[in-house]
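Number of protein chains: 2
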Amino acid sequence: MTSDRGPGRYKVACVQFAPVIGDLDGNLATIATKVRAAHAAGASLVVLPELAPSGYVFESDEELAALAGPVPEGKAAAFLVALAMELGIHLVSGIAEAANGRVYNAALLAGPGGFIGGYRKLHLWDRETLFFAPGDLGLPVYDTPLGKIGIAVCYDGWFPETFRTLADAGAEIVCVPTNWVPMPSQDPDTEAMANTLHKAAAHSNGLYIACADRVGVERGQPFIGQSLILGPNGWPLAGPAHRSEPETLIAEVDIGAIERVRQINAHNHVHADRRRDVYR
Amino acid sequence: MTSDRGPGRYKVACVQFAPVIGDLDGNLATIATKVRAAHAAGASLVVLPELAPSGYVFESDEELAALAGPVPEGKAAAFLVALAMELGIHLVSGIAEAANGRVYNAALLAGPGGFIGGYRKLHLWDRETLFFAPGDLGLPVYDTPLGKIGIAVCYDGWFPETFRTLADAGAEIVCVPTNWVPMPSQDPDTEAMANTLHKAAAHSNGLYIACADRVGVERGQPFIGQSLILGPNGWPLAGPAHRSEPETLIAEVDIGAIERVRQINAHNHVHADRRRDVYR
Numbered sequence: 001m002t003s004d005r006g007p008g009r010y011k012v013a014c015v016q017f018a019p020v021i022g023d024l025d026g027n028l029a030t031i032a033t034k035v036r037a038a039h040a041a042g043a044s045l046v047v048l049p050e051l052a053p054s055g056y057v058f059e060s061d062e063e064l065a066a067l068a069g070p071v072p073e074g075k076a077a078a079f080l081v082a083l084a085m086e087l088g089i090h091l092v093s094g095i096a097e098a099a100n101g102r103v104y105n106a107a108l109l110a111g112p113g114g115f116i117g118g119y120r121k122l123h124l125w126d127r128e129t130l131f132f133a134p135g136d137l138g139l140p141v142y143d144t145p146l147g148k149i150g151i152a153v154c155y156d157g158w159f160p161e162t163f164r165t166l167a168d169a170g171a172e173i174v175c176v177p178t179n180w181v182p183m184p185s186q187d188p189d190t191e192a193m194a195n196t197l198h199k200a201a202a203h204s205n206g207l208y209i210a211c212a213d214r215v216g217v218e219r220g221q222p223f224i225g226q227s228l229i230l231g232p233n234g235w236p237l238a239g240p241a242h243r244s245e246p247e248t249l250i251a252e253v254d255i256g257a258i259e260r261v262r263q264i265n266a267h268n269h270v271h272a273d274r275r276r277d278v279y280r
Numbered sequence: 001m002t003s004d005r006g007p008g009r010y011k012v013a014c015v016q017f018a019p020v021i022g023d024l025d026g027n028l029a030t031i032a033t034k035v036r037a038a039h040a041a042g043a044s045l046v047v048l049p050e051l052a053p054s055g056y057v058f059e060s061d062e063e064l065a066a067l068a069g070p071v072p073e074g075k076a077a078a079f080l081v082a083l084a085m086e087l088g089i090h091l092v093s094g095i096a097e098a099a100n101g102r103v104y105n106a107a108l109l110a111g112p113g114g115f116i117g118g119y120r121k122l123h124l125w126d127r128e129t130l131f132f133a134p135g136d137l138g139l140p141v142y143d144t145p146l147g148k149i150g151i152a153v154c155y156d157g158w159f160p161e162t163f164r165t166l167a168d169a170g171a172e173i174v175c176v177p178t179n180w181v182p183m184p185s186q187d188p189d190t191e192a193m194a195n196t197l198h199k200a201a202a203h204s205n206g207l208y209i210a211c212a213d214r215v216g217v218e219r220g221q222p223f224i225g226q227s228l229i230l231g232p233n234g235w236p237l238a239g240p241a242h243r244s245e246p247e248t249l250i251a252e253v254d255i256g257a258i259e260r261v262r263q264i265n266a267h268n269h270v271h272a273d274r275r276r277d278v279y280r
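As you go down the protein sequences, you meet chains F and D in turn.
Oh and the first sequence: position 221 is 221 in full-length UniProt numbering, straight run, nothing missing.
Oh and the second sequence: position 16 is 16 in full-length UniProt numbering, straight run, nothing missing.
Calculated from the structure, these hints are not laboratory results.
Take the hints with a grain of salt, since some may be wrong.
Pulled a few chain D residues facing chain F out of the computed Cβ check, cut under 10 Å [as the list claims (entries may be wrong)]: (1) Leu87; (2) Gly113; (3) Phe115; (4) Thr162; (5) His203; (6) Ser244; (7) Asn268; (8) Arg276.
Positions of the beta carbon are idealized from the N, C-alpha and C atoms, including for glycine.
Please model the entire structure based on the sequences and the hints provided.
Here it is as structure tokens:
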């Protein structure tokens, strides 16, 4: 609804880069450059990685607290909101959110009119459990001119219920800021399990899914790149991106196509066919 | 618990072949030959495709009725049970089951001691809805010397709830008799979405999954092969099998490894990490 290509047709971008731990100003400058480039390439919705302004591998609560801030009033959040407003785009980014005396591994959604809403990661991965509070906002879906937008972060995508719950709440596109790490026993030359899981989720639910991963090695922790934009049939529209280099993916989505895809054939619909009488 | 390789370690086989529609005797003869070969290769658990004894593309209720029978008393079921007993193996096969004045797209599990239990496909695909009654046995899990065995058939695998429900009921290995067909918009040169979905399900649930697909073209309907045996981390232990030729996959499973795989790291367990307080 934001372009001349028809209602619900627009370009989404996933910005894959390597945030530098602790360098809030430097990361925000990098983000601004890359988001401006994505906007110049026609993107109306831009997705950034998990904890993109701060980096990921924290050594202490104090280090994290210094990099976290309230949403949308804190330095990083206000910067991202202003950027979305200036460019007239929608933007989803991971962010370290200080609230309730705790810190959340969070995300925010901003649009041309300012801050729209937030999300707090439900499923914390590994040592995140030592630093972050588990999400307490559920799985919100935001109704925007670009369609109904849900958010999930990294390990959230390991749980099929994440996408089921978002789809049942009306989500049409799920934005996934992420910091995927190598999985145990993953052969690094094969498709990342993270990609497999999100293809399955897009297909099973008839959802667009836009995953923006990071790259680089931070304090010994490698990240795997392979950002991915999936159509509601589960096939990639763009990506997987490079495994270790920055890359911005751009793909056109068509929100109006979703219902046609969900109705697989004359007799089957991916949601209507569920046997809720049996599942537990 | 059936071999000298230690408790819970044994070989599973998935027999991929091309049943001939309507040729019950011919299909049972083919099955016997292939199951004997799998047994000779060391398999303790053998999985056959969906509707393996009858074929799949029915033209009328009368044609289907003539090929269906009660389980385990009917001709096909009794043959399969006798084969399992003779060889001293466990066997899972798709079968057209006549019961309650209806026909089910069903499966049976037989062991060295005879018939163990059945399953009736919950999610019917396309024109199956015209011929079969939807499953009414839920998602049973059978406790056997080879571990806790669940069964799903073809389109059941499109629903993450299938594997979640089986895992919550204790399943350790899920046998999937299937007749996968090309999905709309699938690029035939890429990995089948069916494979993607089952990798994701194995990984998300920490389950062994053994999919036995068929090949061939029946009354104009092509099938895609690519049978697959997955470990509880989601990676293939064998397969995908050929896309159009018969092939028997054999892989060793280790039921005792499941819990170690589900505990991904010191802080994460694929089941315990679920946020049931949030999902709906």
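- Which of the numbered hints are not met once you compare them with the structure shown? As far as the earlier hints go, 1, 2, 3, 6 are violated by this structure, in ascending order.
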